[in-house]
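Modelling step: build the complete structure from the supplied sequences, incorporating the hints.
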Amino acid sequence: MSGYAFSGWHKDAACQTPWNSASDIPTAGVTVYAKWTRQSVVYQSSIQDVGWQGNVRDGTLSGTSSQSKRLEAFSVALENIDGGVEYHAHVQDYGWMGWTGNGAVSGAVGDSRRLEAV
1 MSGYAFSGWH KDAACQTPWN SASDIPTAGV TVYAKWTRQS VVYQSSIQDV
51 GWQGNVRDGT LSGTSSQSKR LEAFSVALEN IDGGVEYHAH VQDYGWMGWT
101 GNGAVSGAVG DSRRLEAV
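Be aware that the sequence shown starts at 1, since it is given in my numbering, and climbs by one per residue.
Any given hint could be a false lead.
EDC-like cross-link-like pairs, simulated, lysine to aspartate or glutamate; straight-line CA separation at most 20 Å [unchecked claim]:
#1 K35 with E79
#2 K69 with D82
#3 K35 with D24
#4 K11 with D24
#5 K69 with D24
#6 K35 with D12
#7 K35 with D82
#8 K69 with D111
#9 K69 with E86
Hints listed in this document are in silico derivations from the structure and should not be mistaken for laboratory results.
Here it is, written out as structure tokens:
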């Protein structure tokens, strides 16, 4: 299924009890259920005079709108997706920060400097 990761076979439709192919030996017809977990890009931002916003996913606004506040830092992580993500920020008066990724912070929290590029 596009946008989802296969998370194993289960004995129940609610996918609470995993099927163990080594010990669950069927003696008659068996129904198993595939568990699918949504894949997402999860991120958050730190805003001037507001602080860290909660995690959001998949294109949802992170930060503020029409408040004239600086975006000071951000982080990005992949959820239920194999691999990783790398990023870095260009901070006012500091230049490019080092590369980071997988949920680590990029930017300058509390330094009164805005992010100028990602």
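Evaluation of the provided hints:
| no. | hint | result |
| --- | --- | --- |
| 1 | K35 with E79 | holds (16 Å) |
| 2 | K69 with D82 | violated (34 Å) |
| 3 | K35 with D24 | holds (17 Å) |
| 4 | K11 with D24 | holds (10 Å) |
| 5 | K69 with D24 | violated (57 Å) |
| 6 | K35 with D12 | holds (10 Å) |
| 7 | K35 with D82 | holds (17 Å) |
| 8 | K69 with D111 | holds (13 Å) |
| 9 | K69 with E86 | violated (25 Å) |
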